[in-house]
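Asks: Sequence:
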Amino acid sequence: MAQEEQEGVYSKVNEPTVHFKLITDRIIREINNPEINQTLIRISGYDLQIDYNLQYLKSVEDIEAACNGIAQLFREDIMRVLLERNKQSE
6 MAQEEQEGVY
16 SKVNEPTVHF
26 KLITDRIIRE
36 INNPEINQTL
46 IRISGYDLQI
56 DYNLQYLKSV
66 EDIEAACNGI
76 AQLFREDIMR
86 VLLERNKQSE
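Residue numbers (this note's numbering): 6 to 95.
Hints were generated in silico from the structure; no laboratory data involved. Idealized CB from N, CA, C, for every residue including glycine. Hints are not guaranteed to be accurate.
[To be verified] Between beta-carbon pairs, the in silico distance windows are:
{"hint": "1", "residue 1": "Asp-52", "residue 2": "Arg-90", "range": "24 to 30 Å"}
{"hint": "2", "residue 1": "Lys-26", "residue 2": "Glu-69", "range": "36 to 42 Å"}
{"hint": "3", "residue 1": "Ile-75", "residue 2": "His-24", "range": "28 to 34 Å"}
{"hint": "4", "residue 1": "Asn-42", "residue 2": "Val-86", "range": "21 to 27 Å"}
{"hint": "5", "residue 1": "Asp-30", "residue 2": "Glu-66", "range": "35 to 41 Å"}
{"hint": "6", "residue 1": "Pro-21", "residue 2": "Leu-59", "range": "25 to 31 Å"}
{"hint": "7", "residue 1": "Gln-93", "residue 2": "Glu-66", "range": "15 to 21 Å"}
{"hint": "8", "residue 1": "Asn-19", "residue 2": "Gln-60", "range": "29 to 35 Å"}
{"hint": "9", "residue 1": "Thr-44", "residue 2": "Gln-93", "range": "20 to 26 Å"}
{"hint": "10", "residue 1": "Thr-44", "residue 2": "Val-23", "range": "26 to 32 Å"}
{"hint": "11", "residue 1": "Gln-60", "residue 2": "Ile-83", "range": "28 to 34 Å"}
Work out the full structure, taking the sequences as your base and the hints as a guide.
Replies: In structure tokens:
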């Protein structure tokens with residue numbers, strides 16, 4: 006489901022508001038390149054949850070397939086961001 010579609014669906018839900026502490030409740034995960042001492046990707050958010058469906062992650066092959074899926078997800082998102090940035094700079 007596209008992000009715009011998700012936002013449309015969620016905007017119709019009557020749900021309670023949650024408040025977080027600005028610093029201590031924020032979760033940050035980073036992928037760093039030690040050769041250049043730089044952060045390549047930073048994932049941050051409040052109530053950041055990563056759930057693994059362990060019922061289907063039972064072998065090294067299953068885990069590798071899941072990791073490849075995560076890599077593809079990020080690859081597509083990075084390309085989308087780069088394309089949008091290139092369009093804006095034209």
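Asks: Output the indices of the hints that this structure fails to meet, ascending.
Replies: Going through the list in order, the structure violates hint 7 alone and respects the others.
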